[in-house]
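Student: Here the protein sequences line up with chains A, B and C, keeping their order. Per full-length UniProt numbering, the first sequence starts with residue 1, numbered consecutively. Per full-length UniProt numbering, the second sequence starts with residue 1, numbered consecutively. Per full-length UniProt numbering, the third sequence starts with residue 1, numbered consecutively.
It is worth saying that the hints were derived from the structure and are not from the lab. Each residue gets a CB set at the ideal place from its N, CA and C atoms; glycine is no exception. One or more hints might be untrue.
Interface residues of chain B toward chain A, partial, derived using beta-carbon atoms under 10 Å [stated by the list, open to error]: (1) T81; (2) R181; (3) G188; (4) M201; (5) V214.
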Amino acid sequence: MADPLLRVDNLVRRFGGITATDNLSMEVVPGELHAIIGPNGAGKTTLISQLTGQVMPNSGTIQFGGRDVTRLPSYKRSRLGLARSFQITSLLKDFSAIDNVALAAQAHDGHSFRFWGNARKEKHLRDAARAALERVGLGARAGVVVSQLSHGEQRELELAVALATRPQLLLLDEPMAGLGVTESARMVALLKDLRKEVTIVLVEHDMEAVFALADRITVLVYGRVIACDAPDAIRKHDEVKRAYLGEQHAVTRHG
Amino acid sequence: MMPKRNTSNAVAALLCAALVLLPVYSAVSGNIFILTLFTRIVIFALAAASLNLIMGYGGMMSFGHAAYLGIGGYAVGILATEGVGSGFIQWPVALAVSALFALVIGALSLRTRGVYFIMITLAFAQMAYYVASALSRYGGDDGLTIYKRSDFAGLINLSDRTQFYYFCLACLFGGLYLIWRIVNSRFGLVVQGVRSNEQRMQAIGFHANRYRLVCFVIAGAICGLAGALLANNTDFVSPAVMYWTRSGDLMVMVILGGMGSLFGPVLGAIVYLLLEELLSQFTEYTGLILGPVLLLIVVFARGGIMGLLGRMSRG
Amino acid sequence: MYLVVEQLLNGLQFGLLLFLLAAGLTLVFGIMDFVNLAHGSLYMMGAYFAATFAAWTGSFVLGSVMALGATLLLGIALEYVALRHLYGRDHLDQVLATFGLILFFNDAVRLIWGPAGLALPLPAWLTVPVQIIPGIYYPAYRLAIIAVALAVAALLYIVVMRTRVGMLIRAGASNREMIGALGINIKLLFTLVFGLGAALAGLAGLMQAPILTVQIGMGENILILAFVIIVIGGIGSIRGAFLAAIFVGMIDTLGRAFLPDLLRKVLSGAAASTAAPALSSMLIYLLMAIVLVVRPEGLFPAAKR
Chain A
1 MADPLLRVDN
11 LVRRFGGITA
21 TDNLSMEVVP
31 GELHAIIGPN
41 GAGKTTLISQ
51 LTGQVMPNSG
61 TIQFGGRDVT
71 RLPSYKRSRL
81 GLARSFQITS
91 LLKDFSAIDN
101 VALAAQAHDG
111 HSFRFWGNAR
121 KEKHLRDAAR
131 AALERVGLGA
141 RAGVVVSQLS
151 HGEQRELELA
161 VALATRPQLL
171 LLDEPMAGLG
181 VTESARMVAL
191 LKDLRKEVTI
201 VLVEHDMEAV
211 FALADRITVL
221 VYGRVIACDA
231 PDAIRKHDEV
241 KRAYLGEQHA
251 VTRHG
Chain B
1 MMPKRNTSNA
11 VAALLCAALV
21 LLPVYSAVSG
31 NIFILTLFTR
41 IVIFALAAAS
51 LNLIMGYGGM
61 MSFGHAAYLG
71 IGGYAVGILA
81 TEGVGSGFIQ
91 WPVALAVSAL
101 FALVIGALSL
111 RTRGVYFIMI
121 TLAFAQMAYY
131 VASALSRYGG
141 DDGLTIYKRS
151 DFAGLINLSD
161 RTQFYYFCLA
171 CLFGGLYLIW
181 RIVNSRFGLV
191 VQGVRSNEQR
201 MQAIGFHANR
211 YRLVCFVIAG
221 AICGLAGALL
231 ANNTDFVSPA
241 VMYWTRSGDL
251 MVMVILGGMG
261 SLFGPVLGAI
271 VYLLLEELLS
281 QFTEYTGLIL
291 GPVLLLIVVF
301 ARGGIMGLLG
311 RMSRG
Chain C
1 MYLVVEQLLN
11 GLQFGLLLFL
21 LAAGLTLVFG
31 IMDFVNLAHG
41 SLYMMGAYFA
51 ATFAAWTGSF
61 VLGSVMALGA
71 TLLLGIALEY
81 VALRHLYGRD
91 HLDQVLATFG
101 LILFFNDAVR
111 LIWGPAGLAL
121 PLPAWLTVPV
131 QIIPGIYYPA
141 YRLAIIAVAL
151 AVAALLYIVV
161 MRTRVGMLIR
171 AGASNREMIG
181 ALGINIKLLF
191 TLVFGLGAAL
201 AGLAGLMQAP
211 ILTVQIGMGE
221 NILILAFVII
231 VIGGIGSIRG
241 AFLAAIFVGM
251 IDTLGRAFLP
261 DLLRKVLSGA
271 AASTAAPALS
281 SMLIYLLMAI
291 VLVVRPEGLF
301 PAAKR
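Bound-form chain A, shown alone:
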């Protein structure tokens, strides 16, 4: 196997009395689509937030591309090629779609202490933004203010923003959350396409999508890794069935 692109060792994060990440170790190799699944409250978002630097771990290390990034602030990790989408859409709501994406491109195009020229007229930034928007199918909606976009379009825009930073590793936190059937299908098709170019870590509740897309799946329960294997092996894994599919069943009944 190739050297891992991302390597997490013995990561621990506590919130008060709760251990959200419990001595967690995992690896992501270049080119794979690595899914992380687990019941609600398994600590998936907390893990992603530690990987991108919004949350700092209590102990353990995170290495990205062979470099220790455990204590780096999120903006520096982004510059190294780590990008994320947020589970709860987090965009610049009063900016247009293309402005959102162009800013992401701008962040990776030298410094932004330029006070005079009109940034909206910088052709290469606009072109890059337009390309990312086209990529996710939002080409026609470039000029629309984010707050006027539908929920599905906002999810797609999240992805376009992440893409515009030209990441080596894309961390997607439930990109399909709240999407309808057609929108989900479009997102799956998009991810299928994207995975050819970029390594992806995918947190997702939609099992059909996960099993269709993933090369490997890591299963989290109470902040711990209980299994990490290829989809077929995970499907047959006893502990996973007990811990995870039981919960899934309960959720279905409530819902």
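Given chain A's structure and the hints, the job is docking chains B and C onto it.
Tutor: Chains B and C alone, transformed into the frame defined by chain A:
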């Protein structure tokens, strides 16, 4: 998208024309008072515009902006007292000291957000006020009289009422143009992005606070310029110009005109100072009316005058 | 020796007054998420009421009690008429609206009582010096301030930590939704808390009145000190406000008293006498700056929301 802004743009254009032609009216009608009043208004408009840069575009609610009015003014006053009368020295110093103060205060205050930020900027400005009051060599509480206005080697005579007015107006237009360029630049987009969603901006690779701080410093320097103008206008500078109610006045001008619109603060300054002037003709207790009016504006009229104009042209 | 003890007590007394002001501010902020700049106006009103009522009744104590009641009522009226419309609004809106109230109160006072300022004379029994330790005397009135403020602080502690109302207050500070879910009349609770804060500010104002003159704007400088205390102590925390208030009161008082002499030992006479007043007025702000660098969330932050 553009046609919606027609009303606001028309108002802004009319406003500029009126400000440019004001000395003509003053000369023809022999009304000198109006020129004096509007010189003051133009200076405060510049200060309010600089506050708008951090408040409206940057989302930094500074309650200590009047400190720079005082610092710019004291830079001119102290240099004049020490025998340095040249504006070519006084003014760059005024800007530099204001920027430096903003750098220190900003670096500290930007460690916090929200109400904390409001309180801390307020407290630091008040510190500047007390320090000025303690400068016994430069008048202390009583303030410092400036016997000679800044000297620009004969290029312009600041003691001439009309020339001084146009000089202030040029500074205002220059300041507004600068702010307009900044707002649309790479830097400006980042600052506005941080106002909108700081976490997102960090996640795509921006060190948010660094941009905030630079924006804070630019605004401080522009307001320092307004302070230098104000000191020349009154031939006097005292701790009172940086008293915290002055900072409050500046905030009111920005909100009244409309945060985050280029000409909003100019409109706000005109309306607020004219209202104050008008009320003072009828009563010496202007606060009795101005205070509740302010409260009502906050409760009922959001977005200020520019917001109102925007709604009018849309509806 | 005498001077040191006297200044220490002065510092304690000033700190306790600051606490009364900061406690109301931090309670109102912690529970209603409301920034009230006009808190200093209530402090001023307390002093004006006391001076007026004491002159009417001829009794300092009676006048003070009436003033306390009047500030409480004024606070409740203010909350009822104006401020409750601003809950849940942007902090900036609250700041501006209450800034308007300050303008209003200052000119209202000028209209009613005139611009000159008032004096609140003390009764004879409060002006005598008391021997606190052999050979050291301290004004009875300042001792009384210390005693009253400590008693109020203790009472406040008991109310907040031990009673049902206090439980609601603490619940409100940590979880606003929960309190609503319990079916408690939130409007009434808010009005009461605001009234309590107003009364505390009024108490601070009327107790300070005999020491300084009663004048317009007297609440403004001290309000900013209260802000500094909240920043240092941690927002929404009564305990933090108490400790930070004593700290700030001490530093400010001792700084003004002893810094000039200290500086004179280091600097030349002229330089020291120029720098000392400026430096001693900067002292607490420098302290605040240090706290911001070391612990931006304050020294004693309230439990996380």
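Student: All hints are to be evaluated individually against the structure, with a verdict given for each.
Tutor: Do the hints match the structure? See the list:
{"no.": "1", "hint": "T81", "in the structure": "violated, 34 Å"}
{"no.": "2", "hint": "R181", "in the structure": "holds, 5 Å"}
{"no.": "3", "hint": "G188", "in the structure": "holds, 7 Å"}
{"no.": "4", "hint": "M201", "in the structure": "holds, 8 Å"}
{"no.": "5", "hint": "V214", "in the structure": "holds, 7 Å"}
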